[in-house]
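Using the working numbering, you'd call the opening residue of the sequence shown number 8 and step up by one each time.
Please note: incorrect hints may appear among the correct ones.
Label-pair distances were calculated between CB atoms; the ranges are [stated by the list, open to error]:
1. Asp139 with Pro64: 19 to 29 Å
2. Glu168 with Ser125: 28 to 38 Å
3. Arg124 with Pro180: 39 to 49 Å
4. Leu179 with Gly98: 38 to 48 Å
5. Asp156 with Pro95: 33 to 43 Å
6. Arg140 with Leu120: 14 to 24 Å
7. Glu97 with Pro155: 15 to 25 Å
8. Phe152 with Leu47: 27 to 37 Å
9. Thr38 with Pro12: 39 to 49 Å
10. Ser73 with Ala122: 33 to 43 Å
11. Thr172 with Asp91: 24 to 34 Å
Hints in this document: simulated from the structure, not taken from any laboratory. These figures come from a predicted structure and were not determined experimentally. By construction, the Cβ of each residue, glycine as well, lies at the ideal position given by its N, Cα and C atoms.
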Amino acid sequence: MHTPPELISASDIATRVEELAAQIDADYADTGPLVLIGVLKGSFIFLSDLARHLTIPHRIEFIAVSSYGDRESETADAVRLLMDVRHPIEGAHVMLVEDIVDTGHTLVYLERLLAARSPASLKTCTLLHKPDRTEAHTDIDYLGFTIPDVWVVGYGLDYAEQHRTLPYIGELP
Numbered sequence: 008m009h010t011p012p013e014l015i016s017a018s019d020i021a022t023r024v025e026e027l028a029a030q031i032d033a034d035y036a037d038t039g040p041l042v043l044i045g046v047l048k049g050s051f052i053f054l055s056d057l058a059r060h061l062t063i064p065h066r067i068e069f070i071a072v073s074s075y076g077d078r079e080s081e082t083a084d085a086v087r088l089l090m091d092v093r094h095p096i097e098g099a100h101v102m103l104v105e106d107i108v109d110t111g112h113t114l115v116y117l118e119r120l121l122a123a124r125s126p127a128s129l130k131t132c133t134l135l136h137k138p139d140r141t142e143a144h145t146d147i148d149y150l151g152f153t154i155p156d157v158w159v160v161g162y163g164l165d166y167a168e169q170h171r172t173l174p175y176i177g178e179l180p
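With these hints in hand, go ahead and build the complete structure from the sequences.
Next up, the structure:
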């Protein structure tokens with residue numbers, strides 16, 4: 008399989024992750040521990056790098072959903088919970104960490120699911136956002152990059168489990 012051309016460089020990603028971590032540190036300096044919930048599999052590299060740059064107390068949880076399957080378009084009804092967080096989040100400050108917000112249906116589903124568990128606060132952080140594909144509106148509190156409507160891989164994102172560990176964001180034709 009060929010190597011996809013670069014859309015966002017590894018150095019640009021590293022710089023933006025440091026900036027996001029600094030903003031999160033400032034915003035959560037006086038709140039107590041933050042619970043970072045990474046959406047598997049795509050967010051794991053972004054979450055890892057983000058967490059290593061945070062100086063505030065935090066813990067990491069993971070959640071997994073399925074929304075793409077064989078369907079061409081994803082809808083809120085098509086999202087399924089595959090793996091839940093292991094510890095309660097009631098009363099905690101929670102940040103949902105995503106790799107990409109495409110249509111927004113997955114994020115809306117996860118926000119509703121987690122909000123029902125009564126966290127003290129619930130914010131979202133995503134590395135990438137495709138505003139041209141957004142169907143379900145939700146606020147993104149911390150955003151890495153806005154990208155065009157292209158298929159991207161690398162830095163945790165994959166195509167058929169390929170290219171996930173590229174150090175940059177690449178574009179597939």
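Checked hints:
1. Asp139 with Pro64: 19 to 29 Å: 38 Å, violated
2. Glu168 with Ser125: 28 to 38 Å: Between Glu168 and Ser125, where Cβ atoms are some 36 Å apart, the hint holds.
3. Arg124 with Pro180: 39 to 49 Å: 41 Å, holds
4. Leu179 with Gly98: 38 to 48 Å: Roughly 42 Å apart at Cβ, these two residues keep to the hinted range, so it holds.
5. Asp156 with Pro95: 33 to 43 Å: Roughly 38 Å apart at Cβ, these two residues keep to the hinted range, so it holds.
6. Arg140 with Leu120: 14 to 24 Å: Because 22 Å falls inside the window, the suggested range holds.
7. Glu97 with Pro155: 15 to 25 Å: 39 Å, violated
8. Phe152 with Leu47: 27 to 37 Å: 21 Å, violated
9. Thr38 with Pro12: 39 to 49 Å: 41 Å, holds
10. Ser73 with Ala122: 33 to 43 Å: Violated - the Cβ-Cβ distance for Ser73 and Ala122, about 21 Å, lies outside 33 to 43 Å.
11. Thr172 with Asp91: 24 to 34 Å: 26 Å, holds
Violated hints, listed in ascending order, are 1, 7, 8 and 10; each of the other numbered hints is respected by the structure.
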